[in-house]
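A.B. asks: My request is simple: use the sequences and hints to build the entire structure.
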Amino acid sequence: MADVTLSDIRKSYGAVKTIHGVDLDIRDGEFVVLVGPSGCGKSTLLRMIAGLETITGGMLKIGDRMVNDLDPKDRDIAMVFQSYALYPHMTVATNMGFSLEHRGAAKTEIAERVNWAAGILGLTDLLDRYPRQLSGGQRQRVAMGRAIVRNPQVFLFDEPLSNLDAKLRVVMRGEIKALHQKLKTTTIYVTHDQVEAMTMADRIVVLSGGKVEQIGAPLDLYDRPANQFVAGFIGSPSMNFIKGTITGQGFAAPGITLPLPAAAMPLAGQSAIYGIRPEHFSLDENGVPVEIVLVEPMGSETQVTMKLGETKTTGVFRERINGAPGDTIHVLPNVEAVHLFSEERGIRLN
Amino acid sequence: MRADISPRAKVGLYGLMCVLLIPFVFPTWWMVTSSIKPISDIFAFPPQLVPQNYDWTTYSKVFELQPFVRQYWNSAYIAAVVTVGTMIISSMAGYAFARIRFPYANAVFMIVLLGLLIPSEVTIVPLFQMFLKAGMVNTHWPLILVPIFGAPSVFATFVMRQFFVTLPAELEEAARVDGLGRFKIFTKIALPLAKPALASVAIFTFLHSWNLFLEPIVFLSSADMFTLPQALTQYTDAYGGPMWNIQLAAATLTALPVLIVFIIAQKQFVEGLAHTGLKG
Chain A
1 MADVTLSDIR
11 KSYGAVKTIH
21 GVDLDIRDGE
31 FVVLVGPSGC
41 GKSTLLRMIA
51 GLETITGGML
61 KIGDRMVNDL
71 DPKDRDIAMV
81 FQSYALYPHM
91 TVATNMGFSL
101 EHRGAAKTEI
111 AERVNWAAGI
121 LGLTDLLDRY
131 PRQLSGGQRQ
141 RVAMGRAIVR
151 NPQVFLFDEP
161 LSNLDAKLRV
171 VMRGEIKALH
181 QKLKTTTIYV
191 THDQVEAMTM
201 ADRIVVLSGG
211 KVEQIGAPLD
221 LYDRPANQFV
231 AGFIGSPSMN
241 FIKGTITGQG
251 FAAPGITLPL
261 PAAAMPLAGQ
271 SAIYGIRPEH
281 FSLDENGVPV
291 EIVLVEPMGS
301 ETQVTMKLGE
311 TKTTGVFRER
321 INGAPGDTIH
331 VLPNVEAVHL
341 FSEERGIRLN
Chain B
1 MRADISPRAK
11 VGLYGLMCVL
21 LIPFVFPTWW
31 MVTSSIKPIS
41 DIFAFPPQLV
51 PQNYDWTTYS
61 KVFELQPFVR
71 QYWNSAYIAA
81 VVTVGTMIIS
91 SMAGYAFARI
101 RFPYANAVFM
111 IVLLGLLIPS
121 EVTIVPLFQM
131 FLKAGMVNTH
141 WPLILVPIFG
151 APSVFATFVM
161 RQFFVTLPAE
171 LEEAARVDGL
181 GRFKIFTKIA
191 LPLAKPALAS
201 VAIFTFLHSW
211 NLFLEPIVFL
221 SSADMFTLPQ
231 ALTQYTDAYG
241 GPMWNIQLAA
251 ATLTALPVLI
261 VFIIAQKQFV
271 EGLAHTGLKG
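These protein sequences, in sequence, are chains A and B. In this text, residue positions in the first sequence follow UniProt numbering: the first is 1, and each later residue adds one. In this text, residue positions in the second sequence follow UniProt numbering: the first is 1, and each later residue adds one.
Hints were generated in silico from the structure; no laboratory data involved. All values reported here derive from a predicted model rather than from experimental measurement. Ideal Cβ positions, reconstructed from N, Cα and C, are used throughout, including at glycine. Please note that the accuracy of each hint is not assured.
As the list claims (entries may be wrong) - Each pair of labels, with its calculated beta carbon distance range: (1) A:R318 x B:P192: 54 to 62 Å; (2) B:A255 x A:G122: 50 to 58 Å; (3) A:P237 x B:Q266: 26 to 34 Å; (4) B:P192 x A:E175: 27 to 35 Å; (5) A:K61 x B:V165: 56 to 64 Å; (6) B:V165 x A:E336: 39 to 47 Å; (7) B:Y14 x A:R129: 37 to 45 Å.
Unchecked claim - Below 27 Å or equal to it, Euclidean Cα-Cα: the simulated DSS-like pairs (lysine-lysine) are: (8) A:K307 x A:K243; (9) A:K167 x A:K182; (10) A:K73 x A:K182; (11) A:K184 x A:K167; (12) A:K107 x B:K184; (13) A:K107 x B:K267; (14) A:K312 x A:K243; (15) B:K184 x B:K195; (16) A:K73 x B:K10; (17) A:K61 x A:K167; (18) A:K73 x B:K188; (19) B:K61 x B:K188.
C.D. replies: Structure below.
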């Protein structure tokens, strides 16, 4: 186990810059998730930590060692790939013990470590099988087994659940989290799925366009996103954004005036973006009238697409709503949960 | 779709396939049956598709008239050495072209492929002069070295490259993280997975070497150095006319191992070629 420190890490392919100076301190034993949309550079960053991509600029330390120019094998890391990358011509046991065998470990030690990992991951009965004889979830477990068998300082996961179906993804998510809690090895996990990020991470790093947008605990990012990008990326369904102007009476948006917290009043006169999460609307006769566009009953809650003034927004309600498209209901935004962002750069204002 | 074919159409289809089969099967049938006919029956009219008289002595004469066992051995060991050599060279070259980034890799590969376009008839004279200077004429070295470094190996390199290109890059990256260097990745990961492609390379290289005719007649001059295709031309009577039934008996014996190899390995052969996107 070790700290991982990224200082002004940069990556360029010729003239094209993909990572623009990332600073990140990952503490020993921490589970950090790199999240962002496709092409944001999260996998590149992980591959640079693994040593599979060269580092153009900056400094990368694992523990006390600077590892910029070390081969992957000398960084004491283990990686789980999106496609699992199991060796098809080797059994589960050989796959898991391969790195130890290559490093000259004794056969008894290899068998011991493989059996230990197989025991943790429930693979004991599958050790003699080949990867082609396993289901997706089992392959995923073998890939994790291959990583933990060597007891590395850092685990790297590159979108390991994206090839699984939705149900299995939830199960494996829990297993990876449980494994981390058991082993307490520093883990860096890449995903584009913000639900994975929220549920698994000690801290989330949101990336966009090769830059860090925000670093923080999942609920900090959810409750106080630093900018409009993070606000829109974290949370599902995503936050509603309404353009308008802050006035003494509230937030004047096209066709409607929305309530604002008292703390926002000093910003009066400023153009801004009003952000409100779908679950922060409530049904209230004294609220603002909205026109229903679509009702999607989910069982435990109801998701309603509605026209708030002239802006299409989404609301999620605990109540069951039987309205039809075109009907009017009254909703009240929770003013304490309103986020205001500057119109030009999307920076948080309140 | 095949299940939709009516029984009548099926009969027609199979009938057509049987007719198309004739040009492929008939020469082999004629070779095998003629090898046990007296020579006069080979030219009988109407032709005898099924032998009416048998002459089994043709097979013993094959061994009496030529050092046939020795020639069999020559063909076999040359083909084996060429096959192993080509597998080594082509797998390493194919891997390098597919996986190692180096300047002008594609241009170099194109230049290598151009070797396939030059007919062996064009290069045979300069090659003869080269091997003559090296003192290798009437030895088996030219028959071993030319295919290993020439066109058959280029084709094999192409087949291997096409296979290695399809190998997921993540497998190699996983191996790098596991601590393997480039050569170990090649021997421990890439090569074991390339078995189907290697099998097809082995089969067609073996066939090519076994059937080689032009090079042996140019480079070899003594009967005990001959390979089988060359030896077949030596079964002639005192006037230089072919002794057809003996020649065909020798041809049958020559074709036998090839047929056996192909029957045993045809699955790998087809699979290997399927990997390259080529048709067999």
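A.B. asks: Give a verdict on every hint.
C.D. replies: The hints, checked one at a time:
1. A:R318 x B:P192: 54 to 62 Å: 58 Å, holds
2. B:A255 x A:G122: 50 to 58 Å: 56 Å, holds
3. A:P237 x B:Q266: 26 to 34 Å: 57 Å, violated
4. B:P192 x A:E175: 27 to 35 Å: 30 Å, holds
5. A:K61 x B:V165: 56 to 64 Å: 37 Å, violated
6. B:V165 x A:E336: 39 to 47 Å: 58 Å, violated
7. B:Y14 x A:R129: 37 to 45 Å: Holds, at about 42 Å.
8. A:K307 x A:K243: 14 Å, holds
9. A:K167 x A:K182: 23 Å, holds
10. A:K73 x A:K182: 24 Å, holds
11. A:K184 x A:K167: The hint holds at about 26 Å.
12. A:K107 x B:K184: 20 Å, holds
13. A:K107 x B:K267: 37 Å, violated
14. A:K312 x A:K243: 12 Å, holds
15. B:K184 x B:K195: Holds. K184 of chain B to K195 of chain B sits at ~17 Å (cutoff 27 Å).
16. A:K73 x B:K10: 60 Å, violated
17. A:K61 x A:K167: Judged against 27 Å, a Cα distance of about 37 Å means the pair is violated.
18. A:K73 x B:K188: 16 Å, holds
19. B:K61 x B:K188: Cα-Cα ~50 Å, so violated.
Against the hints set out earlier in the document, violations occur for numbers 3, 5, 6, 13, 16, 17 and 19.
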